[in-house]
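S.K.: The residues making up each chain are set out below.
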Amino acid sequence: MANRAPMLRIGQQDLKCRQGCGYYGNTQFDGLCSKCFRERNDKQRKKQRASEYHEAANSAGGSIERRSPQHSLSLDRVKKKQQQQQQHESDSSPVATASTMPRKKFTVPAVLQKTLKNTFPAAVAQQQQHQPRIPSATESQFMLQLRQLRLPDDAKRKLKSEIQRLDHEIRKYMNNHSSKNVDELSDLVQNAYTRFADIVHNDARFEIATNEDRESAIDFFEKVVMTQNHNLLFSPYFTTDEESDIKVQKRIRQLSWITSKHLDCSIDEVNAEARDLVYNAISELVGIDSYYSPQEKLLCTVRCCRHIFELLKSSKGGPASADDFLPALIFVVLKANPVRLHSNLNFVNRFTIASRVMSGEGGYYFTNLCSAIAFIENLNNESLSIGADEFESLMSGAQAFSTPWESALLACESLHLISENMKCMEQLQKRNTAISNGIKDFERELLEFQREVTEKVDTVMAKAPLTLLPIKTPPHLIAQARAHLAQDGVEAAVGHYSSNLLSGAHNQHSLIAAKGKEKEKPVEEAQLEASHTLSLKDTSVSSVGRLSPLHHQLAQTDQLFASPLFNNYTPFDAVSLLEESSEHADVLMLGHEFQGGLTNINYDFDLSDQSGDNSVADDPKLNLDEFDPLAQRGIPKAPVVAETSVLDTTLDSLIDSDVPATGVLLPSPLKPEVANYRGFSNFDIPSISCNTGDFSSLNQDVNDPGQPTNNK
Amino acid sequence: MSSRGTSAGPTLNFKAVLLGEGCVGKTSLVLRYIEDKFNTHHLSTLQASFVTKKVTLPDERRALLNIWDTAGQERFHALGPIYYRGSDGALLVYDITDQDSFQKVKSWVRELKQMRGSEIALVIVGNKTDLEEQRAISYETALLYAQTVGAQYVETSAKENEGVHDLFELLTQLMVEHHGSKQQNDTNALRLQNTGLAPNAGAISISDDTDADQESGSASSPNRSCCGI
Chain X
1 MANRAPMLRI GQQDLKCRQG CGYYGNTQFD GLCSKCFRER NDKQRKKQRA
51 SEYHEAANSA GGSIERRSPQ HSLSLDRVKK KQQQQQQHES DSSPVATAST
101 MPRKKFTVPA VLQKTLKNTF PAAVAQQQQH QPRIPSATES QFMLQLRQLR
151 LPDDAKRKLK SEIQRLDHEI RKYMNNHSSK NVDELSDLVQ NAYTRFADIV
201 HNDARFEIAT NEDRESAIDF FEKVVMTQNH NLLFSPYFTT DEESDIKVQK
251 RIRQLSWITS KHLDCSIDEV NAEARDLVYN AISELVGIDS YYSPQEKLLC
301 TVRCCRHIFE LLKSSKGGPA SADDFLPALI FVVLKANPVR LHSNLNFVNR
351 FTIASRVMSG EGGYYFTNLC SAIAFIENLN NESLSIGADE FESLMSGAQA
401 FSTPWESALL ACESLHLISE NMKCMEQLQK RNTAISNGIK DFERELLEFQ
451 REVTEKVDTV MAKAPLTLLP IKTPPHLIAQ ARAHLAQDGV EAAVGHYSSN
501 LLSGAHNQHS LIAAKGKEKE KPVEEAQLEA SHTLSLKDTS VSSVGRLSPL
551 HHQLAQTDQL FASPLFNNYT PFDAVSLLEE SSEHADVLML GHEFQGGLTN
601 INYDFDLSDQ SGDNSVADDP KLNLDEFDPL AQRGIPKAPV VAETSVLDTT
651 LDSLIDSDVP ATGVLLPSPL KPEVANYRGF SNFDIPSISC NTGDFSSLNQ
701 DVNDPGQPTN NK
Chain S
1 MSSRGTSAGP TLNFKAVLLG EGCVGKTSLV LRYIEDKFNT HHLSTLQASF
51 VTKKVTLPDE RRALLNIWDT AGQERFHALG PIYYRGSDGA LLVYDITDQD
101 SFQKVKSWVR ELKQMRGSEI ALVIVGNKTD LEEQRAISYE TALLYAQTVG
151 AQYVETSAKE NEGVHDLFEL LTQLMVEHHG SKQQNDTNAL RLQNTGLAPN
201 AGAISISDDT DADQESGSAS SPNRSCCGI
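Residue numbers (this note's numbering), protein chains in the order written: chain X, 1 to 712; chain S, 1 to 229.
Treat the hints loosely; a few may be bogus.
Stated by the list, open to error - Pulled from the structure, derived: some chain S residues nowhere near chain X, Cβ distances all over 12 Å:
| hint | residue |
| --- | --- |
| 1 | 30 |
| 2 | 35 |
| 3 | 99 |
| 4 | 107 |
| 5 | 130 |
| 6 | 132 |
| 7 | 139 |
| 8 | 145 |
| 9 | 150 |
| 10 | 160 |
Stated by the list, open to error - Keeping only pairs whose Cα atoms sit at most 30 Å apart, straight-line, the calculated BS3-like set for lysine-lysine is:
| hint | chain 1 | residue 1 | chain 2 | residue 2 |
| --- | --- | --- | --- | --- |
| 11 | X | 316 | S | 54 |
| 12 | X | 440 | X | 456 |
| 13 | X | 430 | X | 456 |
| 14 | X | 16 | X | 160 |
| 15 | S | 54 | X | 313 |
| 16 | S | 54 | X | 223 |
| 17 | X | 158 | X | 172 |
| 18 | X | 423 | X | 440 |
| 19 | S | 53 | X | 223 |
| 20 | S | 182 | S | 54 |
| 21 | S | 54 | S | 113 |
| 22 | X | 16 | X | 156 |
| 23 | S | 53 | S | 113 |
| 24 | X | 180 | X | 250 |
| 25 | X | 316 | X | 261 |
| 26 | S | 159 | X | 313 |
| 27 | X | 261 | X | 250 |
| 28 | X | 316 | S | 159 |
| 29 | X | 223 | X | 16 |
| 30 | S | 113 | X | 316 |
| 31 | X | 261 | X | 247 |
| 32 | X | 313 | S | 182 |
| 33 | S | 53 | S | 182 |
| 34 | S | 106 | S | 159 |
Claimed, not checked - Quick look at which bits of chain S chain X covers, simulated, 3 or more residues with Cβ under 8 Å:
| hint | stretch |
| --- | --- |
| 35 | 47 to 54 |
| 36 | 68 to 74 |
| 37 | 121 to 127 |
| 38 | 173 to 182 |
Honestly, the hints are just simulated from the structure, not real lab data.
Beta carbons are placed, not taken as given, at the ideal position from N, Cα and C, and that holds for glycine.
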C-alpha cells in the first residue's frame with residue numbers, strides 16, 4: 001500500500017466549485033470556492049435588504065465575512081431556517097439558499113441536515129424554475145445527461161415529472177410519518193420503480209424509443225432519485241445500519257489474524273503481483289462507499305470482483321469457479337475492512353431496482369459480497385477448520401499471530417528500503433567505476449604523454465645531438481687540465497669545474513676499476529678502456545639526465561675522452577642510480593642488459609644524475625688523488641677516499657648538485673656558466689632546501705649506501 | 001434487467017443456481033456448456049462462477065440463462081439462501097461415485113423446499129458417468145429420490161460431454177413452465193413485461209413437473225425421457 005497512489009474516492013467534479021468556475025470548492029462554503037461564496041453572499045444580502053427582510057438577519061449577514069467560516073456557516077444555517085419559516089408562512093417561492101444545502105452529510109450533523117432538507121419541496125424541475133438557485137455540479141450533470149438521453153421531449157418531460165414525484169414522495173414520507181420503517185420506504189421506492197418501468201414500456205410517449213433507450217431511461221430515473229435523496233435514504237437514522245457497520249468493522253478487525261490458508265483460498269499473500277491485484281480489488285471495494293447511486297455501487301462491486309477473478313486466474317491458471325472465488329472475496333473484504341459496509345449493502349438492497357441484485361453480473365457479485373459478509377459475521381472455529389480454543393485465543397488477542405499479509409506489508413517496507421539502498425549503492429558503484437576508469441585513462445594518457453615527450457625529446461636529441469658541446473672544448477685544454485690536475489692533486493679538485501670535469505673521468509675510472517679488478521693497467525690503457533665502457537655507460541647516463549646540466553658536464557668529460565660512440569645513446573636510467581649503491585660489476589651487467597629499454601622511464605629524474613653527480617662530485621676528488629695511483633694500486637685504496645667523500649658531500653656536493661638542478665634545467669651548460677654556478681651556489685645555500693628537498697634526501701640516500709661501502 | 005421489450009418477442013430472464021458439494025464438477029458442467037471444453041487450462045473466460053447464455057427455446061421463444069455457481073465447501077453451506085433467493089431454478093449436482101455428495105444434495109433439496117417451496121425448478125444431476133465402474137449411487141436410487149421430491153434427474157459426464165447440453169435445455173424448459181404458472185398466480189415485479197408468454201395452466205405441484213418433463217423429453221432429450229414417469 002505504501003507506494004501506491006491512493007485512489008480518489010471522491011470525484012474531481014465533487015471537489016470543484018459548484019459554480020463551475022474551475023476552482024476547488026469548499027464544503028464550508030457550501031461547495032463553492034471562496035470567491036463565488038462571497039459573491040453570492042453579497043447578492044443575498046442585497047436581496048434581503050431590498051425585500052426589507054428583518055434587520056436582525058441583515059446584521060447577521062453583515063457579520064459573516066468577519067467571522068470564521070464555520071461560524072459563518074452556522075450563521076448561514078440559522079438564516080436559512082429563518083428564511084424557511086418565512087417561506088412557509090408566505091408560501092413564497094423557494095429561496096435561493098435552497099441550493100446552498102451541503103450535499104455531503106458528514107459535514108453537517110445528519111439529523112439537522114435532514115430536517116433542513118426535508119423542509120424543501122426541492123424537486124429538480126421546481127428548482128429549475130426558480131432561477132436564483134445555482135444548480136449543483138451533479139444536478140447540472142444530470143441535466144446534461146437528460147438532454148443526451150435519446151428520448152422524445154414529452155417522454156423526457158414525463159421522466160422528469162416522475163423523478164419529481166418520487167422525490168416528493170420520499171420527502172413526504174420522511175417528514176410526515178411519525179413511525180418510519182425503512183421497509184415501507186423501500187417498498188415505496190420499489191413500487192415507484194415498477195410503476196416507472198411500466199410507464200417506460202407501455203406509455204405512448206416512450207413508444208418510439210428502443211429497448212436500450214428505455215433501459216437507460218430507467219437507469220437515469222433510479223440514478224437521479226437516489227443521488228438526490230442519498231442523504232435521506234443512505235443509512236437512515238431510524239435503522240440500525242450504523243450500529244451494524246461498526247459491529248462488522250470491529251469484527252473484521254478482530255479477525256485480522258485470518259490468512260488465506262484459513263480460508264483455503266489460493267491467494268498468494270506474499271507474491272507481489274498477487275498483492276497488486278488484491279490492492280486493486282481492495283481499493284474498488286473501499287470505493288463503493290464513495291458513490292451515491294446504487295447502480296454505481298454495484299458497478300464498483302463488479303470491478304472489485306473482476307480484479308479478484310484476474311488474481312485467481314493468474315494463480316490457478318484457469319477460470320476460477322465459485323469454490324475459489326468466495327474465499328478470495330472474503331479474504332479481500334477482511335483485508336479491506338470497508339467503511340459503512342452494511343449501510344452500503346442495505347442501501348443497494350433496498351433502493352435499487354430489485355432485479356439488479358437478483359440477476360446479472362452485478363447481482364451475482366453483490367450476492368457474493370453479501371454472503372461474504374454473512375460468513376464473516378457468523379464464522380466460527382469450524383468454518384476456519386481450527387480448534388475452538390485456538391479460535392478463542394486468537395479472537396481475544398491472547399495468542400500472538402503473524403499473518404503473511406501483514407508480514408509481507410512490513411517486509412515490503414524493509415524490502416523497499418533495501419532496494420532503495422541497493423539503488424544508491426549501484427549509483428555509487430557506477431561513479432566509482434567511472435572514477436577508476438578515469439584514473440586508468442589518466443594514467444594511460446600520462447604514460448602516453450610521457451612517451452610522446454620522451455620520443456620528442458629523443459628525436460630532438462637525435463637531431464641535435466650533444467655534438468654541440470665538444471666543439472667548444474678545445475682539445476689542448478684537456479692536456480693542460482690533465483697536467484694541471486696531476487700537478488695540483490686534491491687541491492685542484494676543489495675547483496668546481498674541474499671536479500665536474502673529472503667526475504666523468506672518475507666515473508669511467510670506477511667502472512674500469514670494477515670491470516678490471518684483476519687487471520692492473522697503466523693510466524693510458526685504463527683511460528682507453530674507460531672510454532670504451534664510457535661509451536656504453538655514458539649514453540645511459542645522458543639519456544637519464546636529459547634535464548640535468550650535470551649530464552652535459554659528463555658529456556664534456558666524455559668528449560675529453562673522445563668517445564666515438566657518444567652519439568648513439570641508448571636510454572637507460574636505472575643504471576646510474578643503482579650504480580652508486582650496488583656493486584659496480586652488477587651495475588654494468590644491468591646496464592648492458594637493459595640498454596635501449598624504455599621500461600625505466602619513470603626513473604628519468606635528475607636523481608640519478610644527481611646521485612651520480614654527487615657521488616661523482618665526491619669521488620673525483622678522491623679519485624683525483626689516486627687517479628694515477630689507483631690504476632697502479634688497485635681498488636683496495638677506495639676506503640681511504642670514502643672519508644673525504646663524506647665530508648665533501650656535506651659541504652660541497654650538495655650545493656654543487658643542487659645548483660645546476662635549480663638554476664639550469666636545460667642543456668648547454670657552457671663552461672662560463674659552470675663558473676657562474678659555482679659562485680651562485682656559494683651564495684645561495686639556504687635556497688637549496690626549498691627548491692630541492694628531494695635532492696637532498698636523495699643525496700643522503702645515495703650517500704648512505706655509499707658510506708657503508710666506503711667504510712668497509 | 002427484468003423488463004424486456006414487447007417488440008421482438010419476449011426474452012425471458014432466468015436465474016439458476018448451481019448447488020453441490022465441492023469437486024463434484026459444477027464448474028466443469030458450466031464450462032462444458034458455455035465453452036464446450038473440459039480442460040480448464042485453455043479457456044478464454046476469466047471466470048466460471050457467473051455465466052450467461054442466450055437460449056432459444058423450441059417454441060422460438062428466447063431466454064437468457066444466468067447460471068450462478070456457488071461455493072461448494074461445507075463451511076459456506078449456510079450461505080446458500082443468499083444465492084438461491086429469487087432464483088428460478090437450481091441444479092443440484094452430485095458425484096455418482098461419492099455417496100456423501102448425494103447426501104448433500106438431499107440436504108439441499110430439503111432446504112430449498114423449505115425456503116422456496118415449489119417456486120423453484122429443481123434438477124438433480126448425477127455427474128461423472130465416465131467413472132461408471134466406481135459408481136456408488138445407482139441410477140434407480142437417484143431417480144426414485146428425485147421423483148419423491150418433485151425434481152428431475154439427469155446423469156451427465158462433463159468430461160465426455162454427455163447429457164450436458166440436454167441438462168441445461170431441460171432446466172430452461174422447466175423454468176419457462178414454472179414462470180408461466182407463476183405469472184398467473186402472482187404479479188411479481190421482476191418479470192412483469194413478459195406478456196407474450198402463453199399462459200400455461202398447471203398448479204404448482206408435482207404434476208406440473210411431470211408435464212414439463214414430458215415436454216422436454218419429447219422436445220430435446222429423448223435419451224433421457226426415461227427419467228420422466
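S.K.: Against the 30 Å threshold, does the CA-CA distance of residue 53 of chain S and residue 182 of chain S hold or violate the hint?
M.R.: Status holds; Cα separation ~23 Å.
S.K.: The output says residue 30 of chain S does not contact chain X. Does that hold with a beta carbon cutoff of 12 Å?
M.R.: violated (8 Å)
S.K.: Take the C-alpha atoms of residue 316 of chain X and residue 261 of chain X, compute the straight-line distance between them, and say whether it is at most 30 Å.
M.R.: Holds, at roughly 15 Å.
S.K.: Hint check: residue 316 of chain X vs residue 54 of chain S, CA-CA at most 30 Å. Holds or violated?
M.R.: Within the cut-off at roughly 28 Å; holds.
S.K.: Minimum Cβ separation between residue 150 of chain S and chain X greater than 12 Å?
M.R.: holds (23 Å)
S.K.: Hinted pair, alpha-carbon criterion (30 Å max): residue 261 of chain X, residue 247 of chain X. Please report holds or violated.
M.R.: Holds, because 25 Å separates the two Cα atoms, which is no more than 30 Å.
S.K.: For residue 35 of chain S, is the shortest CB-to-CB distance to chain X above 12 Å, so the non-interface label stands?
M.R.: violated (9 Å)
S.K.: Hey, residue 261 of chain X versus residue 250 of chain X, does the alpha-carbon distance stay inside 30 Å?
M.R.: Distance of about 22 Å is within 30 Å: holds.
S.K.: Would you say residue 160 of chain S is clear of chain X, with no C-beta pair closer than or equal to 12 Å?
M.R.: holds (19 Å)
S.K.: With a cut-off of 30 Å on the C-alpha distance, tell me whether residue 53 of chain S and residue 223 of chain X pass.
M.R.: holds (28 Å)
S.K.: What's the verdict on residue 54 of chain S and residue 223 of chain X, does the C-alpha distance respect the 30 Å limit or exceed it?
M.R.: The hint holds at about 28 Å.
S.K.: Is residue 132 of chain S truly not at the interface, in the sense that its beta carbon sits beyond 12 Å from all beta carbons of chain X?
M.R.: For residue 132 of chain S, whose nearest Cβ neighbour in chain X is about 25 Å away, the distance exceeds 12 Å, so it holds.
When held up to the earlier numbered hints, the structure conflicts with 1, 2, 13, 30, 32, 37 and 38 and fits the remainder.
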